[in-house]
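Peer 1: Chain by chain, the residues run as shown.
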Amino acid sequence: MLYLFLALPFVGAILPALAGNNRNLGASLAALAPLAALTGLLLNAGPIFDGGALVASVPWAPTLGLNLTVRIDGLAFLFAVLVLGIGLLIILYARYYLSARDSMPRFYALLLFFMGAMLGIVVSGNLLMMLVFWELTSIASFLLIGFWSHREDARKGARMALAITGGGGLCLLAGILLLGNIVGSYELDVVLAAGDVIRAHPLYAPMLILVLLGAFTKSAQFPFHFWLPHAMAAPTPVSAYLHSATMVKAGVFLLARLFPALSGTELWTLVVSSAGMATLLIGAYVALFKHDLKGLLAYSTLSHLGLITLLFGFNTPLAAVAAVFHIINHATFKASLFMAAGIIDHETGTRDMRRINGLWKYMPHTAVLAMVAAAAMAGVPLMNGFLSKEMFFAESLHLGLSGIAAWLPPLVATLAGVFSVAYSVRFIHDVFFNGEPIDLPKYPPHEPPRYMKIPVEILVAVCVLVGVAPAWIIAPLLDAAAGATLNGNLPDYSLAVWHGLNLPLMMSVIALVGGLLIYAFRHRLFSLHERLPEVDEKRVFEGLVRMSQGLAWRVTRVFENDSLQDYLRAMLMALVLALFAGLWLSPVDWRLPQMLPVDIPTVALGALLVVAAGVTALWHRKRVFALLLLSVVGLVVSVTFIRFSAPDLALTQLVVEVVTVLLLMLALFFLPDSAALESTARGRVRDAVLSSLVGIGVGAMAWLMMTTDVPRLADWFMAQSVPGGGGTNVVNVILVDFRGFDTFGEITVLAIAALGIYALLRELYLKAPELNGRGRPWAMETHPLILEVVSRPLLSLSLLVSLYIFLRGHNLPGGGFIAGLVTSVALLMQYVANGVSWVQSRIRSHYLAVTGIGLSVALVTGMGSWFFDRPFLTSAHGYLTLPVIGKMHLASALLFDIGVYLTVVGATLLMLSRLGRVSTLDRKRGGH
Amino acid sequence: MELLLSLAIGWLVACGVYLLLRARTFPVVMGLTLITYAVNLFLFASGGITDAGAPVASTDGPWTDPLPQALVLTAIVIGFAMTAYIVILSLRALGDLGDDHVDGDRLPPEDQP
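Protein chains in written order, with our numbering: chain P, 1 to 928; chain D, 1 to 113.
No lab work stands behind these hints: they were computed from the structure.
Each hint should be verified, as a subset may be incorrect.
Unchecked claim - Computed, partial: chain P to chain D, Cβ under 8 Å:
| hint | residue |
| --- | --- |
| 1 | Y3 |
| 2 | V464 |
| 3 | R569 |
| 4 | T602 |
| 5 | S692 |
| 6 | V698 |
| 7 | V730 |
| 8 | T743 |
| 9 | T748 |
| 10 | L797 |
| 11 | L800 |
| 12 | S913 |
| 13 | L915 |
As the list claims (entries may be wrong) - Label pairs and their computed distance ranges (CB to CB):
| hint | chain 1 | residue 1 | chain 2 | residue 2 | range |
| --- | --- | --- | --- | --- | --- |
| 14 | P | P593 | D | G53 | 18 to 28 Å |
| 15 | P | I600 | D | G53 | 17 to 27 Å |
| 16 | D | G98 | P | I600 | 22 to 32 Å |
| 17 | P | L544 | D | G98 | 15 to 25 Å |
| 18 | P | V661 | D | L89 | 14 to 24 Å |
| 19 | P | R155 | D | G98 | 25 to 35 Å |
| 20 | P | R792 | D | L89 | 28 to 38 Å |
| 21 | P | D562 | D | G53 | 51 to 61 Å |
Think of the CB as a built atom: it goes at the ideal place given N, C-alpha and C, for glycine as much as any other residue.
With these hints in hand, go ahead and build the complete structure from the sequences.
Peer 2: Dropping the structure here:
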């Protein structure tokens, strides 16, 4: 039931969309969910008034201490009634406030979304769960302030509110995590009962500050108060609802909620009361000088929030009661004032009090309502505001402080009271009297639609009823809420209009008289105020935003300077750091172990490699020469493989070398074959140092790897090769059998690379150079005769060789990879010797298709094993004796190897033959 | 011998990285090729180097470790595919950007917001 209650507003948010353009239906549908929730709540309120609570709990993530606990006690009940009740009135009011251009379903959906989030905060019985809803209200507030998203002030105000409250939310998260850590639970019941443990804990101070930061940002307490006036860019129903009655009360709600757990220390008193006092005074003072109707109300809201905070800061049970009472009163009179301001704005087209004057004549009904509400705000007797303000005055006198400190609270309280009376009087006198209206956009103003005033009337009636007969109207609710706030230790207090002639009454009188006096001399004060330097928090905030943007931009430019070379250098430096840190930190044995003895040929080979690689690097600008030396390096590498008994590798490397050099040669046809010196000497030295460091690091790794004894799998593979894979060439057996899945992945990569190249070469026409590097024109003759003649018989021969290599691969060095590469080289030779068109007219093969078939063969072979209930790529084998070749091993692995072979051939030729065509086409297009 | 091989690997990497840092595409491709050689040798060396025979089970032992060889074999082929891809990419860049600088045509830095 309780979960349904919590879910209702969220579900209800969808309903208004069903109404289409029917505005009355839309508003009614929107009101449905809150009405149902409110009714349900009131019907089940019995136990709450007896001091109990409605609780339901379901574990959500119990290891994190996160339970879905709904807990409605007196305080939560009070807030829930405010949220739902005022929400309902706002829905009715907004129906008439919104113009036809505004999207009503969107507005109501956001409003109900907010309502659900706010309800979630107040009824959460788990602090983590409350935090989730807390963040939701920030988001809802952002969306609602920015509802008129075409207006710049709305967007900026929304962003500011989100930045401040969102930042506070993060602090609150940290604070609550600390709190949960101290207590050992996030459940509210446990936390509230653990006040003594919390206050004695060493982490109490940081935790308290973090939690208070969350509360102060949300409730716009000094120095975070400035977002609230800018949030007034929102539509007035939003201002009335979120930014006076409910959301900004979330902060003070948090103070009330955690009052038994956190309060009672000097730190609490100091921080909370000074923030409250500062906000109270600043808000009350600035409100007087605001010409904008909503601006005045916004600062007055600040001041009242400060008052409530200050009351909690007083740290006494009676002050807490007064605070809760003032929460109720402020919500009622401020929401009605905002709605009245909205009506005036709606009917006159402006909110500037210098232009709105003398509206009494035009809208007397609204004027009466506004006057009553303003009287409540000023604390006039027989209004609800008077009662809570008197409790505030009384509390400020009974703090038990000594010396000057004892004078400060009553003084501040009275001063704030004076200003509060003054701006209330200004609100009434400026708007409804004070001569004739000046230059109104809508003239003459008239009374709003009947139903637009009903919400105001209801709230004003509450103000008066509470003010006149507090003991009957509000006492039970206040008892329940204040009792819950104080965790059951409710002090004796009296709710009466008349307490006799005492000091608080004197203070009230001073405030009233002083306020009237100040208003009477307002013109002199205004000119004084205008001479004061103006602090524009918005400009400071926007400046901060711009500054951080600029900083981010500069930092980004440092790292992202559009130079790939610099990125690469940075990455290599990181690599060097990682390499050397790893070598430094790990226990490494650098002693020279027993090594394999060197022999002269190997040393000579090494020297050749060093020279060839070094010269390649040094003379890279003479490109053809460098390429030739590069191929020397490749040859040395393949000889190295032979030297260390790896015939398969040597074969592969050799053939790949041929293909690579061919490819690079083709590329050089388009690229300039020598390049000018571009880098500076200093840059080259820097790069040389960097690359040497990388080289030293990698060399050291290689050294360590070779000299460290680790267990190897060699013996297992050697022993299992024949019985398990049916072949004696263990390398090939590993490739097509033991690690066949790897190989399958690798040929897939090969095919993908070929496809990528195919795509890159489409529609690519490069301008073929007319001249070579020395300025001579390229020869346009047909291909050399001897090469042509020799290559043709060589083709069949090399195909035969590749077949041989393929077939023997399972037992002796060879196999699909090598055979495929040999075949490719043989065919490429035809391209080189005879030209692309000659070959293409004779071989009508689509290399793309060959690649695909190769991959499919490998895949199907692998899947074949499924039919025998074996895992993917299990191989089976038998023996077959063929003439000439001899006893042959027939294994499913052979089929797989065919797939490898086809993929290699297809991919390689796809890569190279297409490149040949680019140049051919270009030459033909060039007119040759 | 181990020392010789590690020196060779280190040297190949150093030369390759130096070329990788050049401004034009062709030396970058050559540098990558050099690094490919080095990496293949590196992987090969991970099995340790011996004077033992090729890992063919029909011959008499001792044999060298076949596993790194199998890994390097595919690495060679993949390395080739990568080199080919980079070559074609650089040609495409040449065709589309009209320049063989690794950054293509240098764009003017964006205006500060």
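Peer 1: Now look at each hint and say whether the structure bears it out.
Peer 2: Consistency of the hints with the structure:
Because the beta carbon of Y3(P) sits about 47 Å from the nearest beta carbon in chain D, more than 8 Å, this interface hint is broken. At its closest, the beta carbon of V464(P) sits 55 Å from a beta carbon of chain D; the interface hint therefore is violated under the 8 Å criterion. Hint on R569(P) holds. Least Cβ distance to chain D is approximately 7 Å, under the 8 Å limit. For the restraint placing T602(P) at the interface with chain D, the shortest Cβ-Cβ distance is roughly 7 Å, inside the 8 Å limit, so the hint holds.
The beta carbon of S692(P) comes within 5 Å of a beta carbon in chain D, closer than 8 Å, and the hint placing it at the interface holds. Interface restraint check for V698(P): the shortest CB-CB distance to chain D comes to about 4 Å, inside 8 Å, so the restraint holds. Evaluation of the V730(P) hint against chain D yields a held restraint, the C-beta minimum of about 4 Å falling below 8 Å. A hinted interface residue such as T743(P) counts as satisfied when its beta carbon comes closer than 8 Å to some beta carbon of chain D; here the least separation is about 6 Å, so the hint holds.
Because the smallest distance between the Cβ of T748(P) and any Cβ of chain D comes to about 11 Å, over 8 Å, the interface hint for this residue is violated. Look at L797(P): its Cβ only gets to about 24 Å from chain D, farther than 8 Å, so that hint breaks. Against a cut-off of 8 Å between C-beta atoms, the interface hint on L800(P) is violated, since the closest Cβ of chain D lies about 22 Å away. Annotation: interface hint on S913(P) violated; nearest CB of chain D at approximately 12 Å, more than 8 Å.
With 8 Å as the threshold, the beta carbon of L915(P) comes within range of chain D, its nearest partner Cβ sitting at about 7 Å, so the hint holds. At about 23 Å, the CB distance of P593(P) to G53(D) agrees with the hint of 18 to 28 Å. One distance hint, 17 to 27 Å for the beta-carbon pair I600(P) and G53(D), holds here, with the actual separation near 22 Å. For G98(D) and I600(P), the hinted distance range of 22 to 32 Å is not satisfied, since their beta carbons lie about 51 Å from each other.
The hinted window of 15 to 25 Å between L544(P) and G98(D) is violated, with their beta carbons roughly 44 Å apart. A hinted range of 14 to 24 Å for the beta carbons of V661(P) and L89(D) is consistent with their spacing of about 19 Å. A C-beta distance of roughly 43 Å is found between R155(P) and G98(D), which places it outside the suggested range of 25 to 35 Å. The hint said 28 to 38 Å for the Cβ distance between R792(P) and L89(D), and at roughly 34 Å that hint holds.
Checked against the hint of 51 to 61 Å, the C-beta distance between D562(P) and G53(D) comes to roughly 54 Å, which is consistent with it.
When the structure is compared with the earlier hints, violations turn up for hints 1, 2, 9, 10, 11, 12, 16, 17 and 19 and for no others.
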